[in-house]
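Asks: Following the hints, complete the assembly by docking chain B onto the known chain A.
If you're matching them up, the sequences are chains A and B in order. The opening residue of the first sequence carries number 1 in the numbering used here; numbering runs sequentially from there. The opening residue of the second sequence carries number 185 in the numbering used here; numbering runs sequentially from there.
No lab work stands behind these hints: they were computed from the structure. Cβ coordinates follow ideal geometry from the N, Cα and C atoms, glycine included. Any given hint could turn out to be false.
Stated by the list, open to error - Derived coverage of chain A by chain B (criterion: at least 3 residues anywhere in the stretch with Cβ under 8 angstroms from a Cβ of chain B; other residues may be distant): (1) 45-57; (2) 74-81; (3) 92-98; (4) 105-116; (5) 140-149.
Claimed, not checked - Every beta carbon over 10 angstroms from chain A, so not counted as near; a handful from chain B, in silico: (6) LEU186; (7) LYS191; (8) ILE198.
Residue strings, one per chain:
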Amino acid sequence: MKIKTTRFGELEVNPSDIVTFNEGLLGFENIKKYFVVDPGDSTLILWLQSTEDEKVAFPIIEPKIFKPDYIAKLLPADLNGLELESIQSAKLYCILTIPANVTEMSANLKAPVVINSAKKVGKQIVLQDSKLTVKHEMYRELKTYIVNFSSDDARRTTFESSITIESGDLRNTNSPSITRTLEA
Amino acid sequence: MLVLTRKLGESIAIDDNIKIVVVQIKGKQVRLGIKAPKETKIHREEVYQAIQDQNTEAVQASMSDIARLGEELKKK
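For reference, chain A alone in the conformation it holds in the complex (with noise of 0.2 angstroms):
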């Protein structure tokens, strides 16, 4: 099918590929269709274009390019909707911001988003982690990786998975309570 998108021009997408965000992303909770471009540009940036609305497009990063040690850990509510029946088939992407001064650029590690490709659905899930923000600056770790594996054809390799379950089962829904403290 065609789809009409602002950036992009019209593309062709299979209909398999579109994923289903059920909630929307937070802000955007009536736009519910996507699906993933990848303009292939040096910047290894790709795109969650919205098939519902042709200028709204998220530019989106699998964070491990520019921080390795980032990892999610979801909790068993988190899992809602994802139909996830293996990690493997979850993929992990970073929203980006763009300012005209791009040397600013931010990720927001607080709230990734979460594709399961098999399932084709995905969320927004925002994180437990108080220490993580929506606007981590990384500008010069993402250059980094790229002026060091510049010469690299196949440095669009698949990351280890970023994603970590709390309880470790994906079907269990009756966890223990815990306690915790949020202070207002």
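Replies: Using the frame of chain A, we list chain B on its own:
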């Protein structure tokens, strides 16, 4: 909205499995303890707001900025 008055150490039960306790009151700050099943998501409200704002900013990325970023990143 239901409004309840609670003293230090008192709590509120929500359903059978969520309990909110007033742990400390210090001037204008209240410290709350929340006991809830592990699958319950608990966040400060402003976290959601910050993510929403960030998403709105992210979606404004233009292809010309990306092209410039591509050039900058390639410079040794």
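Asks: Which hints from the list above does the structure break, by number from lowest to highest?
Replies: Those not satisfied: there are none.
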